[in-house]
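Colleague: Sequence:
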Amino acid sequence: MLVVDDTRPVAAAMVEVGDARERFAQWREGKAGKVLAVSVIGDSYSAGQDFYLNKLVQRVAGEVGFAGPGYVGFNHGAALGGTHFKYTRSSEKYFGGGWDVSSLGQASPDSRTVTGRPGAWLQIDANPTPRISTAVTQAKLLYLGNGESSELRYRWTPSEDWKPLTLAGSGVQEVPLPGTPTAADWAFKLEVVKGAPTLFGLWMSNDQNGVRVSKLAASGAASADFYHKDPHWQTQWKAAVSKIPADVYLIMLGGNDQGFGVKPEAYLQNVQGLVGMIREIQPKASINLIMRQDTTRSSAYPMSAYAQVLQPWAHEQHLGYANLQCAFGPDVKRYAAAMIGPDKIHPVPATGGKVIADYFYGWIVGGHTGNCSEIPTR
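For the sequence shown, our numbering begins at 276 and goes up steadily by one.
In short, the hints are calculated from the structure, not lab data. Any given hint might turn out to be false.
List of simulated lysine-lysine pairs, BS3-like, C-alpha gap at most 27 Å [said to hold, decoys possible]:
#, residue 1, residue 2
1, Lys504, Lys469
2, Lys538, Lys504
3, Lys438, Lys368
4, Lys438, Lys504
5, Lys361, Lys438
6, Lys538, Lys518
Cβ-Cβ distance ranges computed for the label pairs, FRET-style [said to hold, decoys possible]:
#, residue 1, residue 2, range
7, Pro587, Glu435, 50 to 58 Å
8, Lys368, His593, 19 to 27 Å
9, Gly373, Asp400, 20 to 28 Å
10, Ser445, Glu540, 19 to 27 Å
Where is the CB? At the ideal position from N, CA and C, for every residue including glycine.
Make a model of the complete structure from these sequences and hints.
Modeller: Written out as C-alpha cells, the structure reads:
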C-alpha cells in the first residue's frame, strides 16, 4: 500500500514540475503539500462514467487518500460519477424542470454550460464506501454572470430547509455554498427561483489528505472545442479553469479529431493553444499529453499520424507524454473484438477500460516512462 508521508510541505520552489509520475513521486515524498489536485481534460473516454477514469481514481484514492470530488460539472458530473457522486443530465432523477444545454465548444471547464429558468433543478447524490468518504467541508458554485441578478435555492439533504442563493456580476464568478453536510451520504439539490442563470458546475473538497480529481471532459469533444483563437473566449476559459486548483493536467484529445478528419497539423495547433492557456493560469502545473489508441473505425488518419506530430513537440516542451497504443499493442485486429465496443470507438469497460486504467496507474503511480518497451506484450 502507498503511504502519504505526514510531513510539512516545503517551499514551492523546491517542487519540480516534471511529468505526472515525477509530480506524484514528489508529492508522496511530502514536497508538494497534502493534496494532489488533478484535472482531466478529454472527450468521451474521460467523460464517460465507466471507461477508465472512475476505476483509476478509486484505485489511487483507495491507496493514498481522497481529498474530495473537485470539479463536478453540470455537463458530465464527477470523476467518481455513477458510484460515489451520482449525477447525469440524461436522467430525470438528477436534471429537470427546464434547462438549456449549450453546444460543445463553450469557454467552460468541460466545454458546455447549462442555463436555467425558474423551476429548473438538478441534484447530486453522494454515496460513500469503506475506502472513500464522500464527506464535503467546502463547496462553491461556478457560474457565468450576465450582469443581472438571479435567485436560486439549495439544500444538502431533503430534510433540511432551503438556503437562498443570489447570483450577480458579469463574467466568470464563484459563490460559496455554506452549510455543507455533516454526513457523507448527502443529496445536494439546486433550483432556479428567479432569472436565467448560466452555470458551470460545483467545486467541492474535504479536509482529508490525498488526491482530488476534477473531470474537465466532454463527450464528442475534439481539440478545437478546448481551444479557440478568439481572445474573449480564451479570457473566459482561463478565468473559469483557474478557479479549479490543479497540480497535474492529464489531456487526452484526438479521438474525435480523427473521427472528424481533422488534419494532424491543425490538431497540434489546438493542443499547443490549450497548453499555452494552461501555462498562463497554472505555470507550475505538470501538463501531460496522452494519445489514444487506434480502433477499427474508418478514418482519414490513424492515431499514429497525430502521435507523429504531438510526441516531438511534447518532448521539446518538456511535457509528459504517453501513448495508449503501448497498452493495447500494435495489432488493432487482435484487441478490437474483445476490448472495443460495437460502435468501434469506445472501450469495453471490463476489458479495454481496465487496460487503460491499469496503464495510467502504472505510468503515474508505478513510475514507468510510458515507453512501449516497458509494457508487457499481450
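Colleague: Hint by hint, note whether the structure agrees.
Modeller: To see whether the hints hold, each was checked on the structure:
no. : hint                        : verdict
1   : Lys504 / Lys469             : 34 Å, violated
2   : Lys538 / Lys504             : 17 Å, holds
3   : Lys438 / Lys368             : 21 Å, holds
4   : Lys438 / Lys504             : 40 Å, violated
5   : Lys361 / Lys438             : 22 Å, holds
6   : Lys538 / Lys518             : 32 Å, violated
7   : Pro587 / Glu435: 50 to 58 Å : 55 Å, holds
8   : Lys368 / His593: 19 to 27 Å : 46 Å, violated
9   : Gly373 / Asp400: 20 to 28 Å : 21 Å, holds
10  : Ser445 / Glu540: 19 to 27 Å : 37 Å, violated
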